[in-house]
Amino acid sequence: MIHSLFLVSTAGHIFLEKHWKSVISRSVCDYLFEAQGKASAPENVPPVIATPHHYLISVYRDRIFFVAVIQTEVPPLFVIEFLHRVAETFQDYFGECSEASIKDNVVIVYELLEEMLDNGFPLATEANILKEMIKPPTILRSVVNTITGGRELRSVFAWSVAQGSGSSNVGGTLPTGQLSNIPWRRTGVKYTNNEAYFDVVEEIDAILDKSGTVVFAEIQGVIDACVKLSGMPDLTLSFVNPRLLDDVSFHPCVRFKRWEAERVLSFIPPDGNFRLMSYHVNAQNLVAIPVYVKQNVSFFETGSSGRLDITVGPKQTMGKTIEDVVITVHMPKVVLNANLTTNQGTSTYDPVTKVLVWDIGKLNQQKVPNLKGSLSLQSGAPRPDENPTLNIDLRIQQLAISGLKVNRLNMFGEKYKPFKGVKYVTKAGKFQVRT
Amino acid sequence: VFSIKSYSALNLYSCSLKNEDLKEMLESNKESLKLEAMKRIVGLIAKGKNASELFPAVVKNVASKNIELKKLVYVYLVRYAEEQQDLALLSISTFQRALKDPNQLIRASALRVLSSIRVPIIVPIMMLAIKEAATDLSPYVRKTAAHAIQKLYSLDPEQKEHLIEVIDKLLKDKSTLVAGSVVMAFEEVCPDRIDLIHKNYRKLCNLLVDVEEWGQVVIITMLTRYARTQFLSPWREDALFDENSEKAFYDSDVEKEKADSKPYMMDPDHRLLLRNTKPLLQSRNTAVVMAVAQLYWHLAPKQEVSIVTKSLVRLLRSHREVQYIVLQNIATMSIQRKGMFEPFLKSFYVRSTDATHIKTLKLEILTNLATEANISTILREFQTYVKSQDKQFAATTIQAIGRCATNISEITDTCLNGLVLLLSNRDETVVAECVVVIKKLLQTQPSQHSDIIKHMAKLLDNITVPMARASILWLIGEYCERVPKIAPDVLRKVAKSFTSEEDIVKLQTLNLAAKLYLTNSKQTKLLTQYILNLGKYDQNYDIRDRTRFLRQLIVPNEKSGALSKYAKRILLASKPAPVLESAFKDRDRFQLGTLSHTLNAKASGYLELSDWPTVAPDQSVRNVEVMEPQSLERQPSTRGSDLFAYHLLVLLCSDSDDAKEKKRPKPKLDSVSSHSKASSSSDNTASSGSESEEDTDSDSEPEQKKKKKLSSKPQVRQILSFNCGCKMCLCVTAFQVSSPVFVPPKSHELLHRMSGKGLAVSYHFPRQPCAYSHRMVSVQLTLTNGRDQPLEDICVGEAGPPGIAIHRFATIERLQPEASITVSMGIDFNDSTQAANFQLCTKTDQFSVSIQPAVGELLMPVTMTEQDFLKEQGQLTGMNESSVTITIAPDSMSSQPVGRKVVSVANMGVVPSSQNSIHRFAAKTVSSGSLVLSSVVLQEASTAKLVVNTEKTVLGSVLLRELKTALSQG
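For the record, the sequence lines run as chains A and B.
What the first sequence shows, in full-length UniProt numbering, is residues 1 to 435, in sequence order.
What the second sequence shows, in full-length UniProt numbering, is residues 1 to 970, in sequence order.
Treat each hint with caution, since some may be false.
[What the hints assert, rightly or not] Sample of chain A residues at the chain B side, in silico, Cβ under 7 Å:
hint: 1; residue: 12
hint: 2; residue: 16
hint: 3; residue: 26
hint: 4; residue: 48
hint: 5; residue: 50
hint: 6; residue: 51
hint: 7; residue: 75
hint: 8; residue: 78
hint: 9; residue: 80
hint: 10; residue: 81
hint: 11; residue: 106
hint: 12; residue: 107
hint: 13; residue: 118
hint: 14; residue: 122
hint: 15; residue: 220
hint: 16; residue: 249
[What the hints assert, rightly or not] Computed list of chain A residues with no C-beta within reach of chain B, every gap over 12 Å:
hint: 17; residue: 72
hint: 18; residue: 195
hint: 19; residue: 212
hint: 20; residue: 218
hint: 21; residue: 272
hint: 22; residue: 316
hint: 23; residue: 319
hint: 24; residue: 352
hint: 25; residue: 362
hint: 26; residue: 406
hint: 27; residue: 420
In case anyone wonders, no lab produced these hints; they're calculated from the structure.
A virtual CB, placed ideally from N, CA and C, is assigned to each residue, including glycine.
Please take these sequences and the hints and turn them into a complete structure.
Have a look at this one:
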């Protein structure tokens, strides 16, 4: 299926290649560069490109193009999904997925890719299995974060075989998950502190129009889990109000039948961090929009200047504080500079990327944050006829905006008492205000 | 002298060492140096640098003991073997040896590397290795074999026939691990051999939920193709109904009967596929969701397709690339089925941060979804887009508005006015696009719009975009009679600039000139001739040709024939208005979700989806006649929730994978057996000959029974054949055996270490259907050697009493000190709790042991509905019923503990109950298949009535006693 993989930096430098079948010349990437040349931004490069002899299917993330070379018909999503898994695996192993971290760990990267695909067909993509075969670099994140120091990430290679005690018992050679029907969990997990944490994270996707009316709003949520439990725990998570959930998708560990019948999540969890479920909240429920935005952006016909005035305030917050409020505005190309003052937070305007960022922080009831000032435009250029949209970021701790509540978490199959915790967070997803 | 430290200082990636140095490192004695060198070499390969020179030095390390080093050598070998074929051959013997390694991982990786070395000379060796691995006991190795099939096929397509044999064999495999890979091999090697799928169809459908996600995609795609060749179209249904009613109306009895005799009935296998794929819509893997969506699109009855909508819309939250593919597919779907996506209209609203290709697709979908009801909302949304900073996107929006306007006639005027307003936009791309769209719109209803035409004529002075200029000229030419004053003036202007215009504008200028010459020759004769002269000497062929043609047509002279008489009718014929169509109109000729669909062109290797057959193909081809033994990986009917309990069981029962493997017999393969001496990988596995043959023998009796049944009752056949692989369904009752509810296995001691002279044996009942005979209860023995010497030749000796049949486990040739092994055996207890006595023999000793089963282990859970339960219970009254009122432990009053306790005592299935206070359980005896029903009715003051109904009264009363004890304990 997947013939070869090239990793290409935004600058057009091919810094890694791997072939699962016969070697394909890297010149095939020229077609990607050609498409990149036509596109205004790397995000706009089409994910599927046909070349005379091959097809290129690429994903762009973390400033890297992951380019898979395909020769025959294959579902494109199959390849795209796989490439994202590769990127996530790198992220998981090296703490970040970047050109530098991949170059630094090139041997591990190669060994991972070798295990993940056989003859172009995915072999092992579960993090739990891979980690049993290929140990992640030991002093993980801390090292990667320092830029120069400690390059020497020695991959401690521990194939389970090497650890075999030499007895006649040949078991435990293949990662146990690989053979079982629960490939996501490794066996023999042991912790001294047994804990299970669940984060209910909800994102509000919304489009508000000029006058502040909601054009479109919906809530998407995920439950991310960090489960560190010994043995083979069998967990059941139930909700107070499962009816809120409209459309769901699950980690393979969740028993779908139980969900259909009883609306509870019953599962044997993978070890470590994983996304238990994603959901969409029933569209009938009205979405509470936690903030209001008053804005006035105008460009004058004469004098090549403009004015900007934005006010943000809390609206439906259920008594919680709104934190980490950031407003990002992509200005029209003709805006040369912005001269703005604010009564809270900081604002910066990058004249190269034309992005205005207003980092507000906490919203409090008493003082309403306001940003205003003038914009200077390129002289002689026509006045832009559309006002820029505002993208809003925010976070509300201890609140799931849909009202979803976890009822209880039960554990079966193990005797110890685990420590359990649930956290709720609401964030802005794709939250845009048109002006 | 090399020291690791000095190298370590360098970045692995920026290899500054010369090949000479690397060679020296590889030839040193220190493993660490070798490893370091290999890492650098892999770094070189990763960068795409040539490291082929080092081949001889690297290949020497192929047999290294260090696993990581070996692994890196493999990487190197696979990369360069093709270039250095002769040297690569040196490594082959190492792999051949590794193929016989007792460790499954080593066997598998040896096969992986061996099959990845693209050296044609080793094709026979590869073929042999694949055949061997295909019958390996480890499913992981078999999976590797399936991958190797494709590799060998691409290396030497002449091996196809042999490879198909292997594929056929692997398709029969029941391991979920193998299924995806072998179907992939099938798709690459012999996708046309649909006949190989028939017998495996139901198994694949049933396995699907448990296959790993990548395999699911491949299997679903393949099954979609399969279903289109094997089932009748479910889409005829509506048509058929119409037909019926019409016939009823005309009231012809004969015809009516005819029509009634063939109403559409969905093949149960077709339904099976739809039912088993549906839960996968909830998969986190977007490729799986898409695969199911396309399956429903291509196979489901029309009214069922819309269940995929929500899931597809959900995918729009995923990565940009995923959105792109999903939106494309939605675009194709939304043309045919507006209703599917209309409720989700707002999910397709464009955000300013979307990538260009995403925006375009969303517009496309919004346009497809536009109806009279929602058009005003959509147009309001479009108005925002038109103002977008992304001018290309604004232009695309204008096209979309144009399409809406032609499709929905009510809004044509509104759109037209809106577009005219946009003509004053500052951006030229926007204006140009408007002109083009307005031209198309005017063509549909030109009569009322001479104002707009005049307005456009004025625009000509400022617009430079060739397409827009050409459109204006064409408009004026076409409707020159409506603007008699302006048209000649426009012609005058373009005549002046003719030489500097683009070709497309020149052609339209010529057209305009010709049309005006015919309608208003007085004013334009000279101008036309001037333009025709310019055109005559133009550099472009097309323009010269057009000029020559027009001149002959419009300017009559003696040479021009009869044609010029009709010039006016030719040039000014009324032209049909263009139909503005979606670019996705005919995309559904490709299977959705495929690469070909995305590209809108046939990709190489695309497999056409056939049309539905007109006559239903034989359904019986999918009936599985030979009952094969249940493998450990799978049970029939284990679906969804129950599954887990089952997985857990498998996991708990198998202390070590390889030990588990060993106890399973290895089927013999004729083609391989001749080579078995040379290359058998089973040197150290305790193979007891062909067990599978025995199984067929033991099955022959029910087999005949089944056949009789088939011939006598054709209706029953459907149900029976449906439960393929499930032997229990052949018993008297038609209730399906379900998988056991999970309870922690209780281990019992069979032989104590002291009395067994070091051999300790314990047993437990895994509650799985026995693989050897359906009348047997499966028992797992765990043997541990507590001695300091190995035990040899452990086997089962004499057995008794006569009524009890025992299936012995294969002789264990050797059990190392401190090692333990788990084996399984089958015992037919004949539905009694009488103990099975037998002897355990080692080379030197014999021990008499006995297994006394708990009554609950003699049962198999069955699933049935509450109604069935009550019906069956009603028939098992009187002598067959035993009941008792018990005092129940307070914590058992809620539903869960009751179920838990009953199930831990007896292997029964839970029957869904409509009342909270009544719990029902159903099972049947393993040996005779008699129904055993039990119910617990909770009453006030923590008492409960416990009832057991069964024909086997003795068994029933024992069971009653045991349940009573269990429930009354705290």
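A quick look at each hint next to the structure:
1. Taking 7 Å as the C-beta contact cut-off toward chain B, the hint placing residue 12(A) at the interface is violated, the least distance being around 14 Å.
2. For residue 16(A), the interface hint holds, since its Cβ comes within 7 Å of a Cβ in chain B; the closest pair sits about 5 Å apart.
3. Because the closest C-beta pair between residue 26(A) and chain B is about 6 Å apart, less than 7 Å, the hint holds.
4. Taking 7 Å as the C-beta contact cut-off toward chain B, the hint placing residue 48(A) at the interface holds, the least distance being around 5 Å.
5. Hint status for residue 50(A) relative to chain B: holds, with the closest Cβ pair at about 5 Å, below 7 Å.
6. A hinted interface residue such as residue 51(A) counts as satisfied when its beta carbon comes closer than 7 Å to some beta carbon of chain B; here the least separation is about 11 Å, so the hint is violated.
7. At about 5 Å, the closest approach between the beta carbon of residue 75(A) and any beta carbon in chain B falls short of 7 Å, and the interface hint on this residue holds.
8. Using the Cβ-Cβ criterion of 7 Å, the hint placing residue 78(A) at the interface with chain B is satisfied: the shortest such distance is roughly 4 Å.
9. Interface restraint check for residue 80(A): the shortest CB-CB distance to chain B comes to about 5 Å, inside 7 Å, so the restraint holds.
10. The beta carbon of residue 81(A) comes within 5 Å of a beta carbon in chain B, closer than 7 Å, and the hint placing it at the interface holds.
11. A distance limit of 7 Å between C-beta atoms decides the matter here; for residue 106(A) the minimum to chain B is near 5 Å, and the interface restraint holds.
12. Given hint, residue 107(A) at the interface with chain B, holds; its Cβ is 5 Å from that chain's nearest Cβ, closer than 7 Å.
13. A least Cβ separation of about 5 Å between residue 118(A) and chain B falls short of the 7 Å threshold, and the interface hint therefore holds.
14. Interface hint status for residue 122(A): upheld, as the beta-carbon distance to the closest one in chain B is roughly 4 Å, under 7 Å.
15. Taking 7 Å as the C-beta contact cut-off toward chain B, the hint placing residue 220(A) at the interface holds, the least distance being around 6 Å.
16. Taken as an interface hint, residue 249(A) checks out: its beta carbon lies about 5 Å from the nearest beta carbon of chain B, inside 7 Å.
17. The non-interface label for residue 72(A) is inconsistent with chain B: the shortest C-beta to C-beta separation is roughly 3 Å, within 12 Å.
18. With 12 Å as the threshold on Cβ separation, the claim that residue 195(A) sits away from chain B holds: the shortest Cβ distance comes to roughly 22 Å.
19. Every Cβ of chain B is farther than 12 Å from the Cβ of residue 212(A); the closest lies at roughly 15 Å, confirming the non-interface assignment.
20. Not every CB of chain B lies more than 12 Å from the CB of residue 218(A), the least distance being 8 Å, so the non-interface label is violated.
21. The claim that residue 272(A) lies off the interface holds: its Cβ sits roughly 16 Å from the closest Cβ of chain B, which is beyond the 12 Å cut-off.
22. No beta-carbon of chain B comes within 12 Å of the beta-carbon of residue 316(A); the shortest separation is about 20 Å.
23. Remark: the non-interface label on residue 319(A) is consistent with the geometry, its nearest Cβ contact in chain B lying 29 Å away (cut-off 12 Å).
24. For residue 352(A), the requirement that its beta carbon stay farther than 12 Å from each beta carbon of chain B is met, with the minimum near 16 Å.
25. Consistency note on residue 362(A): stated as away from chain B, and its beta-carbon is indeed over 12 Å from all of that chain's, at 25 Å minimum.
26. The Cβ of residue 406(A) sits about 19 Å from the closest Cβ of chain B, beyond the 12 Å cut-off, so the non-interface label holds.
27. No beta-carbon of chain B comes within 12 Å of the beta-carbon of residue 420(A); the shortest separation is about 19 Å.
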